[in-house]
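Chain residues, written in single-letter form:
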Amino acid sequence: AQSVTQLGSHVSVSEGALVLLRCNYSSSVPPYLFWYVQYPNQGLQLLLKYTSAATLVKGINGFEAEFKKSETSFHLTKPSAHMSDAAEYFCAVSDTGRGQNFVFGPGTRLSVLP
Amino acid sequence: NAGVMQNPRHLVRRRGQEARLRCSPMKGHSHVYWYRQLPEEGLKFMVYLQKENIIDESGMPKERFSAEFPKEGPSILRIQQVVRGDSAAYFCASSPSDRVGTEAFFGQGTRLTVV
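Chains as they are written, first to last, in this note's numbering: chain A, 1 to 114; chain B, 1 to 115.
Calculated directly from the structure, the hints in this document are not laboratory data. Check the hints yourself; a few may be wrong.
Capping the alpha-carbon separation at 25 angstroms, the derived lysine-lysine pairs in BS3-like fashion look like this [as the list claims (entries may be wrong)]:
1. A:Lys49 x B:Lys27
2. A:Lys49 x B:Lys71
3. B:Lys27 x B:Lys62
4. B:Lys62 x B:Lys51
5. B:Lys51 x B:Lys71
6. A:Lys68 x A:Lys49
Only part of the chain A face toward chain B is listed, based on derived beta-carbon distances under 8 angstroms [claimed, not checked]:
7. Gln42
8. Phe63
9. Ala86
10. Gly107
Here are some chain B residues the structure puts well away from chain A; computed CB gaps all over 12 angstroms [what the hints assert, rightly or not]:
11. His10
12. Arg13
13. Ile55
14. Ser87
Even for Gly, the Cβ is constructed at its ideal location relative to N, Cα and C.
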């Protein structure tokens with residue numbers, strides 16, 4: 001079975017600083033990887049996804065992620081944090097079963113300090 | 001095109017009552033997924049349905065929980081005889097295809113509180 005780990009349940013950065021949220025996965029087959037963002041009391045919104053095309057994936061709101069097979073990683077970055085980026089971020093991998101049975105990581109809560 | 005609609009947004013039930021959570025997928029989407037999010041945890045897959053069929057219920061508790069997606073109307077997640085441990089946020093997602101790699105669109109969730 002596939003699994004996802006996210007190092008750091010809570011990350012704090014200053015406004016304007018680099019954002020780095022870590023995601024590592026385990027998979028015996030080429031994975032499909034996703035980053036979702038959840039604002040308080042809201043559903044999940046897709047930031048970006050990797051589907052075996054380019055290894056550097058650009059998403060919405062200035063976020064991007066790089067797929068590194070050798071490291072089994074899919075870390076999320078943003079060059080300059082904004083206050084509005086404060087939210088919970090989830091990394092997910094598509095299960096090999098039928099349909100989109102995502103396996104989610106535990107999430108990383110991002111705080112942006114003024 | 002409206003997004004995935006879930007209702008109610010908040011639901012309070014006493015122990016032993018039944019909870020019914022509704023999900024209307026995006027227009028044109030015939031694949032529905034239910035996830036449960038416990039406090040301070042990620043989302044856990046519960047069940048995957050297509051119209052009138054349960055495709056994968058490997059994440060559903062064996063007792064008290066059931067789901068359906070009828071030919072007409074929304075998908076329903078039903079929890080019978082709720083207990084305190086059922087308190088969680090329940091999210092529904094839909095997609096236009098079951099092809100791996102297809103994005104799933106999430107609703108805003110139903111927050112169930114059992115008192």
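Legend entry - Earlier hints that do not hold, by number: Checked against the structure, the hints that fail are numbers 2, 3, 8, 9, 11 and 13, while the rest are satisfied.
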